[in-house]
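Chemist: Chain by chain, the residues:
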Amino acid sequence: MSSDLELPAELMSRPLALVGLTGLHVETNQTHLLIWNSFTSSNRNERPPLNFILFGVNHTFPVAKPDRTSYEWYIPKGILKRKWMSKHLNQIPGVLVLFYDLEWDDPAWKAKHAECAHLIQTIRMKLMGRGTKLCLVLLQNSPPLPSSEDILAADRAAALCQVCELPPKSLFVLPCRSDHLQGYILRLESAFYELCQSSYHLSSRAVRSHRDQLNRTNHGYLFVRHQFKIGFYHELKQDVAMAHKHYSQSYAHLLELRITDANVTEVKIVSGYIGYKVWRLSFLLNLPREAIAHFRSHMDFFRLRVGNPLSKFEHHAWLAVQFSTFGRLFEDAIELGLPAIQTQHPGFFYQQAAQQAIQRKKACYQDYAALDQTAIQTPLPFDESSQLEFYGQRPWRPNRLSLEPSDMKAENDGITALLVRERLQVDLTAMIVGALTNAVNQFKNHRSPRMKQYLLVQMAEEYCRSENYAEALTLLEPLLWDYRKDFWWMPLTSLLQLGLRCAYLSGRPAEYFTYAVELCSRVTVKSQEEKAQIFDNFVGILQKKMPPSPLDSGENPAATQLWADQFANFAKGASITTIVTNTISSFVEVKATFTQKQFAAEDAVELEVHVIYTGPIPIKFSSLHVALNNSAYLPFCQVANSDELEFEPNQIRHYEFEFVAQPQDIGAELQIVSVTFEMSHELVAYLRCEGSSSEEFGSFRSEFPSAIDKGLAGIFVLNTTEILPRTANVELILHHEAPALRGECYPIHLELFNRETEDIVNVTLTVTTSSSIGRVHDQPKIDGNVSVQLKNEKLVAGQMCQWNVFAQMEQPGKHSITFQVNYEINSDSCTYKSQYVKTLELETVQPVECEAQFQTLQFQPLRQIPVGEQCVAVMTVTNLSPFPLQLEQGVWKLDALLTNHPMGNSQLAGLILQKGEKANDVAVLSFSNGDNRQIRTGSYTLKWKRSNHSKAEGYKIPYSASSFDLPEMETWSVPLRIHVTLPAHGYVRESMNMAIVIHNPGPSYIELDVYMSSNDAFMFAGNKQIKIQIYPEDDYELKYNLYPLLSGFVALPPLQLKTPTSTIDPVTAMDQSVLDELVSRYVPTHIYVLPQAKEKGKTNLLRSE
Amino acid sequence: MAVCIGFIGKENSPLFLRCINQSQELQFHYIVHTCIDFVEEKIIQSNKSGSDVRELYLGLLYSSEEVKAYGFVTNTKIKIVIIIDSTNSLLRDNEIRAIFRKLHNAYTELVCNPFYTPGDPITAKSFGALVDELLASSS
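In order, the protein sequence lines correspond to chains A and B.
The number in our numbering is simply the position in the first sequence, starting from 1, with 413 added.
The number in our numbering is simply the position in the second sequence, starting from 1, with 251 added.
If you are wondering where the hints come from, they were derived from the structure by calculation, not from laboratory data.
Because the structure is a prediction, the values reported are computed rather than measured.
It is possible that some hints are incorrect.
Stated by the list, open to error - Only some residues are given here: those of chain A computed to face chain B with a beta carbon under 7 Å: (1) I505; (2) Q755; (3) Q765; (4) N854; (5) K857; (6) S861; (7) Y867.
A virtual CB, placed ideally from N, CA and C, is assigned to each residue, including glycine.
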């Protein structure tokens, strides 16, 4: 029956309505092949759910049994017939379609239409008694006409229908030469689909009609079978809801059957099949709750119906299949979008499947062991159950009415034969592991890590039972950690025992040793006697003694051989394993600590190790090592005397170590890496307790809070210690004159006093500036580095040495300079290093301020630099520093277009400016050519130093340079140049000459109106108003004769230039404001007029009167 | 009927476990351990809903073919789990609540004992006797 356990393929596939095609000669006729391919081509999803099968014209269909007129004397022999479903899925079509090549205007119409009718009749005969509908499709080459126009076609179609006895709706025409063949095929398909539906509907009606003739006492099986058939027809029709209803009814009828030991297997098998349909359709109809509820009641109903006590293994097998089937249905539904929750998902069903599979295996092995040898050797007395007419029946009594009293002997023999086959041929482990794997995946997806662990434990146990020890041990490793980290000691103990057993049976001394050590720890749930036994076992391994078998059955020869081989491979003194005790709950707990956070280099470093032993019986380790991050200390940190390493249970021992730090560790950190115990006899094993930098060494608190014994709980652990350099005893005195000036070469005088009692050697002084803008140098130069190192070979005790360093700060503000003195003292064999650090906060200020201005030669401020004329640049230098500054020179660096008229040495050279004083430097320059634009005029560099550098004897401090940018200026090309020639002063009533020369420097012709107005102070002769024209690069001269009337600083007659109103070219016309500006710039407005001399007084007086 | 009662500490270590059938103790250790998954999930969900007054009784954690597990979590994150045989339909929700309330009270009294360090496995005899009595009465 095992073959009936698995669901048959025809049950699990989605039923599709079957359409039979006949009359297509696909091998010989290309057109027919094309049509056939169009029906069976891909993208079935978007097309009606149909299954097409090609039948030959002479195909014989299964013959229908004649309808029973009365069921009165009929007693069914089984519930579901094996062949029925596949018959309707693959053999008996819902619609059979005959394809026939026939044109409406075929010359041989008569003959052909008779042949066609004959074919239809033959087919009809073959399908007698079935609900199959017949269709005729005429394959035509001529394009179709609208039916109303083609009278011939209409007539002949009607005639054809009549002669074939087909309804007009079952006749189709397929124009097979058309480009739209696929479209026609699609339309045909939907027509076939409709016909199929009505065909299957008729079939289901036919089945239903039998119902009235049945009675409950004899025909219980038929109630089930008929409802199942109706459900199946509805499924073929794609009517899911109705199918679900009828399958449910069928299932309900099944439960009403009288169940005896004889028919219980059949009922269970069939209930599983019908149930499968019910659950699948429930999920499809989005009724997952109903599916689950139905499944649960299904399980409740059948859980205890074992039947024959011998067939217990079969019962568990069936239960396992039920659970895994339902799990898979549930999983499929989830894939299609059903939401699952943590407490309701397929994992639970897979878990049960695994449980039942385990039970199945157990029952099978138990019952098999109880069999006597003769039963095992007799061959199977029956055929395979897959040959039987009904699902789920016993092969040794086929087709027998199950209600008959059975032959107990045959029954037992049959089951025994099945049991033998199950035991010898079926891979039960694979089934269990498969179900567990499915469950593990589900629980992983549904956030249940611990449930997953539990399942993995079961999987490991199963591997162990099936003697696959390697797999079992691989699974165990992470599981041990999972249970250990939350202190679930009882599961841990059980897993360790499992591991011990696997390690024993597969001959692995290292694993055996590790598990045994952990089993002996304080936390495992074992009696002291058991622990002592285990302890002896693993100590025995070190003496190459094989541990006793953990099996109840005594020695295992295979394991004995494996162990012997393993021991042969170990040389004397070889290491079996190294156990890292932090990761397990071991029987030694260690805390290793430095006694202080810091040790001075000249002092001894002290280290303490506290050990508590919690094993069951006394132990004697052979040595103990403490490993630090520098292996050079290893000789100082070990205990080799095994008498000191003997422990009674629950004894605490303390060990102290001390050593002097190595020179290269001064300033570094020492760290305890691990503490290792060695157990040795013939073979060696190590127990290592490791520390890591991130956590305190020996701190079990994060891992095993309750594992720590009260004895060590109070000990505070210092995992690392720092080795400090010797305390320095020197003094560094700095002499300097703060504040420093920005950019200055700033001398600092250093005096280092040796206050040690001994001479110091290899003295180095490192001077470092804090920021990147500062520089230091050991020479009075201004290009230094960020740091400079000064050295002195030896400095006698009580003596002093001196250095000078020069700092240069590029920015004002506070800067720090660090002075670090390193030196060594050689005493005896040891060299001590010392370090002394001093920091200087240096205030830096701005030394000078410079301000530049451009002026006319008359020292009038200029807003623009006139082109082609001379002007002066004036630099005002102010001393901002608190010290007198000596200036060397100011250097002008001017734009190439500005011509500097050499002035000899800078006026500032050698000048000493006191605090707050100012000095001016002047340069004459002219702007040669160009037009109106903005120019960078250049820069000015001033070299300076302090006038009194007192301390830095013997050094010549260089001048520092400060550079300043000159302001940006606009240049101005003057459109008119006016030169006025006038004496420096005049006398009252003495005429003087004034010449006004107007020069046109530009490239264009100029026209101007010149007005000379009179005023009170002068009379004048000359043009009072004149229109003048000046050609490019030409002059015009106006001459006036002035006669002063008043003395004093008097105003000259005002000159005014105007653009004539009648100018021909307005472009060249100048703006009046520009003209006014030019006049005011070039033409003097006032003149000193002196009175007449006294000697000539008379005449002059007379004139004035 | 209630077949097992387990106490789990706030760091998920077992504090106390008692079952009717001593031979099944290991199996119940595993089962109670798996219950932590469901308890943690329920706590996360009740935190999400953000209600201030937390219901200590978590209700049915999960049910399998063999057992049903009910959970309870104290304000100090001590988890109490009651395992019930799946075939038993006599125990109703409010009866289970009542058992939990008694267990919670027993635990509170235990913590009041100055000789008990919270977080250590529970070894007090009176506590064990009380749990045994509850197991016996609910079966």
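Chemist: Now tell me, hint by hint, if it's right for this structure.
Modeler: Quick rundown of the hints versus the structure:
| no. | hint | result |
| --- | --- | --- |
| 1 | I505 | violated (42 Å) |
| 2 | Q755 | holds (5 Å) |
| 3 | Q765 | holds (5 Å) |
| 4 | N854 | violated (15 Å) |
| 5 | K857 | violated (11 Å) |
| 6 | S861 | holds (4 Å) |
| 7 | Y867 | holds (5 Å) |
Hints 1, 4 and 5 from the earlier list are contradicted by this structure; the remaining hints agree with it.
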